[in-house]
Every structure is written in C-alpha cells, then in structure tokens.
Amino acid sequence: MKISLRGVRGSIPTTGPETAHYGGNTSCTVVSEKDWILVLDGGSGMQKFNLLNNTSIKRIDILLTHLHLDHIQGLGFFNPFFDPSLDVHIWGPASNTHSLHSRLSRYLSPPLFPVLLRDLPCKLILHEIENSSFDIGPFTIQSRYVIHPGPTVGFRIAGQHSVFAYIPDHEPALGSMGLFTDKRWISGIDLALNADLLLHDAQFTTLEYKNKIGWGHCNMEDATRFASLAEVKHLLLTHHDPSHSDEQLNELISDLKKRNNYSFDYELAAEGMEIELT
Amino acid sequence: MPAYEIEIILNRQLADCLSIPVFITDTTGNLIFYNEPAEKILGTSFEDTGEMHVETWSTIFKQQDEHGNLWQPENLPLVRTLRDCYPYHKTYWIESLKGKMEKISVTSYPIIGRAGKFLGAVAIFWEAKDL
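Quick note, the sequences are listed as chains A and B, same order. If you're matching positions, the first sequence starts at 1 in the numbering used here and goes up one per residue. If you're matching positions, the second sequence starts at 1 in the numbering used here and goes up one per residue.
Hints in this document: simulated from the structure, not taken from any laboratory. From the three backbone atoms N, C-alpha and C, an ideal C-beta is built for every residue, glycine too. A few of these clues could be false.
What the hints assert, rightly or not - A partial selection of chain A residues facing chain B, derived with a Cβ cut-off under 8 Å: (1) Glu-130; (2) Asn-131; (3) Ser-133; (4) Phe-134; (5) Tyr-145; (6) Val-146; (7) Pro-151; (8) Ser-176; (9) Met-177; (10) Leu-179; (11) Ile-186; (12) Gly-214; (13) Met-273; (14) Ile-275.
Unchecked claim - Some chain B residues well away from chain A (every beta-carbon gap over 12 Å; in silico): (15) Met-1; (16) Leu-10; (17) Arg-12; (18) Gln-13; (19) His-53; (20) Val-54; (21) Glu-55; (22) Glu-66; (23) Arg-80; (24) Thr-91; (25) Lys-103.
Based on the provided sequences and hints, a complete structural model is requested.
This is how it looks when you write it as structure tokens:
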C-alpha cells in the first residue's frame with residue numbers, strides 16, 4: 001500500500017515561503033494498491049491529482065471524512081470528474097437531515113461553483129456511510145464517527161499486508177477529563193488500533209488548545225498519546241494550523257520529542273511525502 | 001472490547017462537567033458510568049467499582065411512594081426509558097445508604113445516535129423540592 005500526502009494543512013490553504021516545506025494545501029491523501037486508488041478527502045491538495053494517462057484505471061474512490069470546506073474545496077478541480085470513461089465513487093458521512101448529494105451540491109453549484117454535481121461527465125456514484133464496513137478492490141475499510149463538529153468519520157484501511165488509519169480532524173480529548181486511559185472511552189481508537197501508519201490531527205499546541213476547546217481539533221500532546229494508546233507503529237501529525245510556519249512547526253516537533261519518549265516513530269506530515277507500507 | 005459510540009463518550013464527558021448526579025447505562029441497563037456527584041447516592045466510586053451489571057446496581061435503591069410503599073423497578077424512569085426509548089421524569093422517595101428517606105426527582109432520556117440507533121440511556125437525579 002502506497003500513501004501519498006497531497007495536502008496536510010488545516011482549515012485554509014496557505015501560500016508563501018514560510019510554509020513551503022510542510023506545504024499549504026488542505027487535506028488530501030492518495031492511497032494506492034495494485035490498480036486501485038483511494039483519494040482521502042478533497043481539500044485543495046486534490047487539484048494536483050492526475051492519472052498520468054494510466055488507462056488501466058477505470059474507477060476512483062473518494063472517501064470524505066466530513067464536508068467542511070477544507071476537505072471538499074478541491075472537488076471542483078478534480079480532473080477525473082471530467083473524464084466520461086471513469087467511474088468515480090464518493091463515500092461520505094450520512095446526516096439525519098440532508099442527503100450527501102444535497103450537502104455536496106451546496107458547494108458544487110452556483111453561485112459557489114459553475115458546474116453542477118449532476119452535470120459532471122464522469123459516472124458519479126454516491127455512498128452514504130456511518131459506522132460502516134465496506135470493500136473497495138483490495139481494501140477493506142471501516143468508517144467510524146469521531147468527535148468533530150458535524151457528521152465526521154475516520155477511516156481504517158486494511159490492504160493486503162498493512163493497515164493505514166486516517167483521522168485528520170478529531171478532538172478525542174474533548175471534555176474536562178481529557179483523554180481517558182480506558183480505551184473503550186476514546187473516540188476513534190478502534191480505527192487506529194495497531195495500525196502500521198496513523199495520520200492524525202495535531203493542529204494545536206497544548207497552549208493554543210486551551211482557547212480552542214470544542215473546535216474539533218487535537219493538540220500535539222494528545223495526538224501522540226492517542227497513538228501510544230492505540231499502539232500504532234508510525235504516527236504522522238497533520239492538519240497543521242495555517243498560522244504555523246515551517247520554522248514554528250520544526251520547533252514544536254523538536255520540543256514535543258524532548259518532552260516525550262514514545263517507542264513508535266512520529267513526525268510531522270509534509271506535502272509530497274510518500275510512504276510505502278509493506 | 002470495542003470503544004463506545006461517540007454519543008456515549010460525549011455524554012460521559014458532559015456528565016464529568018456537571019455537579020448533579022448522572023448515570024449512564026448501555027442498552028440493557030448495565031451501568032457503564034456514573035459521575036462524582038452520583039457516587040454519593042451509590043455510596044461507592046466509579047474508580048472502585050467500574051461498570052456494574054444491572055442486577056448489582058439496581059438493588060442499591062429502595063424506591064417508595066410518599067406512604068412508604070415499595071415501587072416495582074419497572075416504574076422507574078430509567079427502566080421505562082430503556083424499555084420504550086423515550087424520556088421520562090418522576091419524583092419519588094428513596095432510602096439513602098444511611099437509612100434516611102430522601103425525596104428525589106429523576107429525569108431519564110435515551111441516547112439515540114446519528115444513525116438513529118438506540119445506544120443507551122442517561123438518568124439525572126435532582127434533589128426534589130416538591131412532591
């Protein structure tokens with residue numbers, strides 16, 4: 001299973017030399033195995049995706065954790081949507097009030113976007129998911145609701161030989177007690193348990209988090225503790241705050257490593273990073 | 001064991017922040033969490049007991065009407081909520097751990113998750129002002 005990070009910035013894209021190393025595009029990760037491709041979230045990192053004339057691929061699956069703008073703003077610029085020879089499946093969290101089609105159409109319709117969802121040339125198939133299990137090609141996928149404002153899921157993706165857990169927007173320590181030690185009381189822990197790689201929200205510092213409780217995001221300390229409790233092998237911290245420059249992020253990860261000595265590898269996710277799980 | 005649904009977890013986080021006694025059960029009535037104010041009613045702490053089967057914790061209460069007649073458990077708000085997936089409220093008397101009769105009100109509600117699934121129930125105990 002190959003993991004390609006196309007966007008690791010949270011909330012809003014950033015540009016400029018101060019964020020060039022870790023990247024300014026919002027959430028998008030491409031997972032591939034054999035001739036199957038999963039695109040996780042449709043943030044601005046999605047615009048760089050193309051099949052490079054790979055004609056053997058006839059289907060692409062987009063898995064959306066939720067429908068906040070930083071996770072769907074790239075959809076309108078996703079090239080496969082405009083290829084009539086492709087089947088594009090979108091999997092997104094169900095809501096009690098509106099269909100996935102109706103919620104996506106809020107963005108993919110005038111005045112926000114000139115092309116309607118129903119007018120996309122590809123064959124588009126929508127799937128509403130909740131606490132679900134489903135198979136796509138060689139992948140077995142579990143989605144579970146996690147703590148974040150609005151219907152939001154995380155994904156556990158099992159390939160033939162490895163497991164990748166993807167929880168880019170998550171506030172597992174919401175509440176007065178913080179992160180519980182009993183795993184049954186931790187949002188999202190089932191998704192990450194013993195994963196080979198976990199990509200997890202770490203938008204804030206501990207100090208910043210004190211003023212942003214309930215915003216739906218995690219601080220770096222809680223993210224690493226979550227990964228430790230889940231006993232993952234490798235953690236990538238993502239959804240970098242748009243106000244954090246490369247220099248600040250380097251300082252934050254350096255300080256974090258000085259304070260914590262975990263047995264697993266952990267580092268900051270960077271746009272362009274590619275990881276092969278074997 | 002798998003983690004609880006986030007709707008249950010969020011109810012526990014809320015209960016942790018409240019100064020009123022809160023009990024959370026699973027769909028079969030097993031007590032999966034109670035907060036610190038509730039510890040005074042049960043006479044024990046969640047830290048010590050952990051989760052309790054319904055047969056264990058339900059016998060702690062001796063619920064009565066104002067004339068001292070014992071109530072059947074099926075009339076309790078929480079039991080009715082577990083049966084009907086509907087909220088209930090009732091004021092009645094319980095015998096405290098010290099043998100003293102105390103008037104309380106209980107409000108119970110079902111936890112219905114995003115997928116419309118019944119996940120458990122919550123009971124909140126209030127000090128009753130009037131019967």
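Verification of the supplied hints:
no. : hint    : verdict
1   : Glu-130 : holds (5 Å)
2   : Asn-131 : holds (7 Å)
3   : Ser-133 : violated (13 Å)
4   : Phe-134 : violated (15 Å)
5   : Tyr-145 : holds (5 Å)
6   : Val-146 : holds (6 Å)
7   : Pro-151 : holds (6 Å)
8   : Ser-176 : holds (5 Å)
9   : Met-177 : holds (5 Å)
10  : Leu-179 : violated (11 Å)
11  : Ile-186 : holds (6 Å)
12  : Gly-214 : violated (11 Å)
13  : Met-273 : violated (29 Å)
14  : Ile-275 : violated (26 Å)
15  : Met-1   : violated (6 Å)
16  : Leu-10  : violated (7 Å)
17  : Arg-12  : violated (6 Å)
18  : Gln-13  : violated (3 Å)
19  : His-53  : holds (16 Å)
20  : Val-54  : holds (18 Å)
21  : Glu-55  : holds (21 Å)
22  : Glu-66  : holds (37 Å)
23  : Arg-80  : holds (25 Å)
24  : Thr-91  : holds (29 Å)
25  : Lys-103 : holds (29 Å)
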